[in-house]
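A.B. asks: Using the sequences and the hints given, assemble the complete structure.
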Amino acid sequence: MRISLFITCYNDTLFPKTGQSVVRVLERLGHTVDFPADQTCCGQMHFNTGYQQEALPLVRRMTEVFRDAEIICAPSSSCVALIREQYQKLAESSGDASLIAAVNEFVPKVYEFSELLVQKLGVEDVGAYYPHRVTYHASCHLLRGLKAADLQLRLLRNVRAIELVPLEEMDVCCGFGGTFSIKNPDVSAAMLADKMKAVLNTRAEICTAGDNSCLMHIEGGLHRLRTGVRTVHLAEILASTEAGEP
Amino acid sequence: MTVRVADAASAAKFPILANGLVEDSQIRQNVRHATNVIQNKRARVVAEQHDWQQLRESASKIKEHTLQYLDRYLEEFESACIRAGGQVHWAIDADDANRIIVGLMQNAIEKNGWTREVIKVKTMTSDEIGLNHALKAAGIQPHETDLADMIIQLGEDKPSHIVVPALHKNRTQVREIFARKMGLPELGEKPQDLTDAARNYLRDKFEKVKIGFSGANYLIAETGGVCVVESEGNGRMCLTLPEMLITVAGIEKVIPRQQDLEVFLQLLPRSATGERMNPYNTLWTGVHEGDGPREFHIVLLDNGRSSILADKESRQTLHCIRCGACLNACPVYSRTGGHAYGSIYAGPIGAILTPQLQSMKHSQSLPFASSLCGACYEVCPVRINIPDVLLHLRGKVVERQQNSLSRGVSIEAVAMKAAAFIYAHPRLYTLGQKFARVAQKVLVRKGWIHWLPGMLGGWTAVRDVKQLPDEPFREWWAKREAAKRDEPMEKSYGG
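Chains as they are written, first to last, in this note's numbering: chain L, 666 to 911; chain W, 1163 to 1657.
Source of the hints: derived by calculation from the structure; they are not laboratory data.
Misleading hints may appear alongside valid ones.
Label pairs and their computed distance ranges (CB to CB) [stated by the list, open to error]:
(1) L:K862 / W:G1350: 31 to 41 Å
(2) W:E1643 / L:P722: 22 to 32 Å
(3) W:G1619 / L:P722: 53 to 63 Å
(4) L:S763 / W:S1172: 40 to 50 Å
(5) W:R1342 / L:L890: 55 to 65 Å
(6) W:E1237 / L:K774: 41 to 51 Å
Below, a list of computed lysine to aspartate or glutamate pairs in the DMTMM-like style, where the Cα atoms sit at most 25 Å apart [said to hold, decoys possible]:
(7) W:K1641 / L:D699
(8) W:K1558 / L:E757
(9) L:K754 / W:E1210
(10) W:K1579 / L:E750
(11) L:K848 / W:E1351
(12) W:K1579 / L:E729
(13) L:K754 / W:E1561
(14) L:K812 / W:E1451
(15) L:K848 / W:D1169
(16) W:K1646 / L:E757
(17) L:K862 / W:E1185
(18) W:K1641 / L:E750
(19) W:K1646 / L:E692
(20) L:K754 / W:D1550
(21) W:K1641 / L:E910
(22) L:K754 / W:E1226
(23) W:K1474 / W:E1219
Reference listing, derived: stretches of chain W covered by chain L, where coverage requires no fewer than 3 residues with Cβ under 8 Å from a Cβ of chain L [said to hold, decoys possible]:
(24) 1389-1401
(25) 1543-1557
(26) 1625-1633
All values derive from a computational prediction rather than experimental measurement.
The beta carbon of each residue, even a glycine, is placed where N, CA and C say it ideally should be.
C.D. replies: Printed below as a string of structure tokens:
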């Protein structure tokens, strides 16, 4: 199957290893990956901060950049949730019939990485090997937006040699919330403190999730306190084999 | 119309109020404990209700339908209520409602020579309109009879939750308030001691005060009936003992038929307090000779509600049945308690309701007081998509800021416009990545950034940031593609 990767702007800039891992897993499963080079951002930051008019041209761009795609995969549930929950409404608010049509064609082609693997490709065991003690945080958009946290746990349970430790209050927000962490730094920090406490209680070496935005937040706190615990995107665990980690 | 939610117009912004509250260890402890207890109880009784999702769906549909024909149902309620012997008043805003209510009480007190006091059932709407201030200004003493509201009143505090307004106080603190205000220095700390003290204190009021005041959970259009649910029975006292009863209710409280209560009386107690049924469900229709109050007035309050009704995107805000489940589920509320919201409506529902009732003129920081985690939407018994409404209101706040020239141009707006421009031009975006990699060098220490300037400083106050990697994904991909193209050529040359 030909799969077009929407890497998302922050994964592209901050977490290239996650994108490389997605490519590695999909190619290992025998699929062809392409990367439309003109892609930038889905508009989530603008939309969620109230700059919805600024998000509209980015919606249009997304439909143009991925016009020829058959299946689109993004390793970020918050971006996929925005596309699925808001793109159609935004397009309709513009009153532009061609945009509405383009969005209607675009949206059903978009899958979050674990949705693509489990629901579209029917794979739960991607042949990964990861000999570490790991705990899993269910990001809010994955859990309540896409309702796909269970898919990620199924993928993780099939990883060989992994020691998966349940995270207390796995379903509670880590406090990132995009610009929320900037606009409400104190409350965000208070939420992070509880999430870090839960992570540390598992005595895991690694905290994983399907969203680097949450992980960047959690890791930012874990590193500040020199806890020696790091965060790794789910795709990087799934890309790991006996031959090595990405 | 001067729309007004108590003191919300003069409240400080959410991040400022929250700043002090997250550092208050007592409040953090009390709020966390109380919300955890209620949440667990709720989860237990919701799990045993097998048709929970259908009930939510029904409730949402009933509310949607009622709001669509609100004018019709309100008039139906009005005529049925009048037929049953009630008197109906319409209030456009808080001042109007207070004027009507105080006027009714003053007339009755003068005519009958009653004591200048009123006993109150728990009502958020009376807090919304600031009724107690208006009563005191007219020389009428309100007595809150709901235990938690009484704690708030005696402690000269403000409610911090829409169902359990004193949840930020623990038992020791309640004992201290009772001991001081009731003159009981020897008062014990056991729940029984505290309820006994409250009982003695309130019995006296129930016996001598002639005016009762309440809110309403539901107004039934078909019968003109009013329904109030509660846990203590003190409400029942206020609703049945006095000579005169006055009720205030937002216009969105109407439901079409008595039978619709079937849906709501299952959803509300389970969502609000984790009970299968409210211990006291009081339902009355007009007045009845020799039974209950001889005079019944209902004040139907708009106070900004019809402007919410006019907004298609956020109309669902008016579905709210004030169960407070979204507060208990909210990770933001559970870190701050209700006082951070600067309004008697706290938590996620407060974050959408207050700014709208204030015509988006105040409380502009509230739509941003959420990480959009969606826990509120998940528990809402009437399926209000609170994250969606928050986003809609964020758009309105920004639009308002951009249209107001006096405020000048904000750094945020400039940054957002610049980012939108860069994202629209992939070459600029790639250049931006390169520039950021170079620019970060002054900040990076051993692979990490520990300090960022300006607004971003809130982030690095407690978090580090990893330095940008040497190669963004797109550069890695481009190199790989180039290598793939070269590879077969090299092979053919080599062969």
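A.B. asks: Give a verdict on every hint.
C.D. replies: Hint check:
no.	hint	result
1	L:K862 / W:G1350: 31 to 41 Å	holds, 35 Å
2	W:E1643 / L:P722: 22 to 32 Å	holds, 28 Å
3	W:G1619 / L:P722: 53 to 63 Å	violated, 30 Å
4	L:S763 / W:S1172: 40 to 50 Å	holds, 48 Å
5	W:R1342 / L:L890: 55 to 65 Å	violated, 42 Å
6	W:E1237 / L:K774: 41 to 51 Å	holds, 50 Å
7	W:K1641 / L:D699	holds, 14 Å
8	W:K1558 / L:E757	holds, 17 Å
9	L:K754 / W:E1210	violated, 36 Å
10	W:K1579 / L:E750	holds, 23 Å
11	L:K848 / W:E1351	violated, 41 Å
12	W:K1579 / L:E729	holds, 21 Å
13	L:K754 / W:E1561	holds, 18 Å
14	L:K812 / W:E1451	violated, 57 Å
15	L:K848 / W:D1169	holds, 23 Å
16	W:K1646 / L:E757	violated, 42 Å
17	L:K862 / W:E1185	holds, 17 Å
18	W:K1641 / L:E750	violated, 35 Å
19	W:K1646 / L:E692	holds, 14 Å
20	L:K754 / W:D1550	holds, 11 Å
21	W:K1641 / L:E910	holds, 20 Å
22	L:K754 / W:E1226	holds, 20 Å
23	W:K1474 / W:E1219	holds, 19 Å
24	1389-1401	violated (count 0)
25	1543-1557	holds (count 4)
26	1625-1633	holds (count 7)
In terms of the numbered hints stated before, the structure departs from hints 3, 5, 9, 11, 14, 16, 18 and 24, listed from lowest to highest.
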